[in-house]
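Asker: Working from the sequences, and respecting the hints, build out all of it.
Number of protein chains: 2
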Amino acid sequence: MEQISKGLEDVNLKWTKLTSIDGEKGILKYSGYKVEDIIKSGALVEEIQYLFLYGELPNKKQLFDFQKKIQEGYSLPDYVINAITNLPNNSDSVALQMNAFAALAATVPYKWDKQTDRDVAAKVVGNMSAITAAVYRHILGLQPLRPESGGSYAESFLKAAFGKDPSQEQVDAMNTALILYMDHEVPASTTAGLVVVSTLADIYSGIVGSLAALKGPLHGGAAEAAIAQFVQIGDETKVDDWFKQNIITGKSRLIGFGHRVYKTYDPRAKIFKSIAVNLIRNNPEAEKMFKIASRVEELGIANMGSKGIYPNTDFFSGIVYMSLGFPLKNNIYTALFALSRVTGWIAHFIEYVEEQHRLIRPRAVYTGPADRSFVPIDQR
Amino acid sequence: MEQISKGLEDVNLKWTKLTSIDGEKGILKYSGYKVEDIIKSGALVEEIQYLFLYGELPNKKQLFDFQKKIQEGYSLPDYVINAITNLPNNSDSVALQMNAFAALAATVPYKWDKQTDRDVAAKVVGNMSAITAAVYRHILGLQPLRPESGGSYAESFLKAAFGKDPSQEQVDAMNTALILYMDHEVPASTTAGLVVVSTLADIYSGIVGSLAALKGPLHGGAAEAAIAQFVQIGDETKVDDWFKQNIITGKSRLIGFGHRVYKTYDPRAKIFKSIAVNLIRNNPEAEKMFKIASRVEELGIANMGSKGIYPNTDFFSGIVYMSLGFPLKNNIYTALFALSRVTGWIAHFIEYVEEQHRLIRPRAVYTGPADRSFVPIDQR
Chain H
0 MEQISKGLED VNLKWTKLTS IDGEKGILKY SGYKVEDIIK SGALVEEIQY
50 LFLYGELPNK KQLFDFQKKI QEGYSLPDYV INAITNLPNN SDSVALQMNA
100 FAALAATVPY KWDKQTDRDV AAKVVGNMSA ITAAVYRHIL GLQPLRPESG
150 GSYAESFLKA AFGKDPSQEQ VDAMNTALIL YMDHEVPAST TAGLVVVSTL
200 ADIYSGIVGS LAALKGPLHG GAAEAAIAQF VQIGDETKVD DWFKQNIITG
250 KSRLIGFGHR VYKTYDPRAK IFKSIAVNLI RNNPEAEKMF KIASRVEELG
300 IANMGSKGIY PNTDFFSGIV YMSLGFPLKN NIYTALFALS RVTGWIAHFI
350 EYVEEQHRLI RPRAVYTGPA DRSFVPIDQR
Chain G
0 MEQISKGLED VNLKWTKLTS IDGEKGILKY SGYKVEDIIK SGALVEEIQY
50 LFLYGELPNK KQLFDFQKKI QEGYSLPDYV INAITNLPNN SDSVALQMNA
100 FAALAATVPY KWDKQTDRDV AAKVVGNMSA ITAAVYRHIL GLQPLRPESG
150 GSYAESFLKA AFGKDPSQEQ VDAMNTALIL YMDHEVPAST TAGLVVVSTL
200 ADIYSGIVGS LAALKGPLHG GAAEAAIAQF VQIGDETKVD DWFKQNIITG
250 KSRLIGFGHR VYKTYDPRAK IFKSIAVNLI RNNPEAEKMF KIASRVEELG
300 IANMGSKGIY PNTDFFSGIV YMSLGFPLKN NIYTALFALS RVTGWIAHFI
350 EYVEEQHRLI RPRAVYTGPA DRSFVPIDQR
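Protein chains in written order, with numbering that gives the first Met the number 0: chain H, 0 to 379; chain G, 0 to 379.
These are computed hints drawn from the structure, not numbers from a lab. A portion of the hints provided could be inaccurate.
It does not matter which identical chain is used: a pair holds within one copy or between any two.
Said to hold, decoys possible - Listed below are the simulated DSBU-like cross-link pairs for lysine-lysine, each with C-alpha atoms no more than 30 Å apart in a straight line:
# : residue 1 : residue 2
1 : Lys110    : Lys5
2 : Lys24     : Lys5
3 : Lys250    : Lys110
4 : Lys287    : Lys60
5 : Lys328    : Lys122
6 : Lys262    : Lys33
7 : Lys68     : Lys163
Answerer: Laid out in structure tokens, this is it:
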């Protein structure tokens, strides 16, 4: 049989100027800037969104104009919000985002064009904030609120989601989470969206394709699955037994550990942990989860670190979301991941369509029956 | 720079027992049966849907049971139909299908399982009929009607779409169109859906991903674009001038011609043409389009046939849809393509997840700036 590129593991799909990963050393850079340096600098997520779309960090004027464009996206047609609220409150949060973007795909004309792609992209980043806030409120049975212009991206989102002013600590943590999940080269979600836009389908359909892939438990679902695993363990004192029974003896997969690309500590996991440490103070449930996670982490590294299996970005991110006040419910943590990642998706789409476009059309190897003569149903 | 597999052109994504294509000879087979033989036999599309899911043609009992399962899918929760009717009547038809399937993804629990995948698949094939009929009626401003059990798949769909009994000739033509578009290995739409389900996302999200890719003008949009091209030409007598100005001198792309895999006549194009010949009799507009298309075809082959560029399946399919009574409106022809293709998508998903599963995660080659030091905004 001809060779099959299973999982496209060693296949380069495109070039990129966005993200580079050194999986051996555990270094993640956005357009040449180490992610740790970006977080340390206290940059707004809007600065990094700008970097992804324009290739350079913005000055104050550029940032201001960019924020204005994002804020245009905060208002959405009623039928987009209805596409969310029409569905039951127990709906999956990422699928609700899919509905909202499919509603945009159904109604907003789009043609890829270097002159306008980035303006639309900024607006879509704004759309995503309004959509995700509406999704969050809907799954709690609350009326959607629109993000307001004025605050930063992280602040406006939290205020629209919670219906009250967030603390500075919450805003900073949300800002960091938004930066950390912004892009990671071409995982399944980005790949799905790239396949979509390679047909020159519109930007909204591309996002729908990415969301559909992110929804899966092997991808975006992992942050929620990791914390669900901690909930299942239940208590710090039970970790050692649980680990022995499930991971060592039971050979279960340790969720939030291991990554196709990283063979050492995922740098994002370290940062998520460092913000969790502070945020959990006011949230006993999150504090409990953090203690469980920390012990699981120790045992995991002791047992699997030598095989290059370390905590990945999803290991502590759920605890951060929980500390911020988001309950573990309806896959909302994956929807928060998507809120961040949408910028990476769009930036990859733009790179691909504008500068390296080719319809994505792989092949399959036929292994079925050779020639057969058709037998009518009366003779079967 | 490391090599990039542009468009994944020479990459084998998976093995398949479904469809095989001999692009040099223009032969398309479904599980070993030549598509021409299937059409000649007068088989129902349900027999071929069964073949795709179970690997063998059904006997009468098996077909009956399978049809029952499909018919279960004809009833949908109200909120799925509302996901369509909530949107403006001028919405894109494929995006409306996306909304309906995203609504299912939001609410129907799904776990891939060999014991149940095929039962759900049959029901999804039924869902797609109900959804597409509702989409068609909605874009015309009509109340959706539910397909009724009893008739064949093609007949029930046409009756639900048109709100009246179709003629036998219409049913036969629709049945043929449904078979011809059922699968074609791993084009962009199938690939997008495969990337989605490789994350173990649910079957509905997989279909949403496939629909998003099909929506693009370089893929499913081609059938509608081909006939739009004939409308633009306007009249049989204007073809020669149009062809000279646009294709020969103007170097425009001739829509409905050429295919990544076929280097000769696409066998489906021949069959679509043979049904169009009869169907156009009662539809002057479609007859006009057919005459234009036939002349474009002659000129196209004379000019480009030597380069392996021949009519593809989209060249005549739009004329068949128009003859059946579907107006050229809101991308509905692409939605009819999806109605057929959904079986191929699902069959590929099942092959992939059940027997050759691996998360699809390619790589990108970084070509951006090397290390940069982060400069805070005040110093930019």
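Asker: Does each hint hold? Answer for all of them.
Answerer: Here is how each hint holds up against the structure:
For the identical chains of this complex, lysine 110 and lysine 5 are inter-copy neighbours only, at 22 Å across copies versus 33 Å inside a copy, given an alpha-carbon limit of 30 Å. In this assembly of identical chains, the alpha carbons of lysine 24 and lysine 5 lie at most 30 Å apart whether taken from the same copy (25 Å) or from different copies (28 Å). Within a single copy, lysine 250 and lysine 110 get their C-alpha atoms only as close as 49 Å, which misses the 30 Å cut-off; across copies the closest is 21 Å, which meets it. Taking the shortest alpha-carbon separations for lysine 287 and lysine 60, neither the intra-copy value of 44 Å nor the inter-copy value of 57 Å comes in at or below 30 Å.
With identical chains, the CA atoms of lysine 328 and lysine 122 are at most 30 Å apart both within one copy (28 Å) and between copies (28 Å). Taking the shortest alpha-carbon separations for lysine 262 and lysine 33, only the intra-copy value of 18 Å comes in at or below 30 Å, while the best inter-copy value is 48 Å. In this assembly of identical chains, the alpha carbons of lysine 68 and lysine 163 lie at most 30 Å apart only when taken from the same copy (24 Å versus 49 Å across copies).
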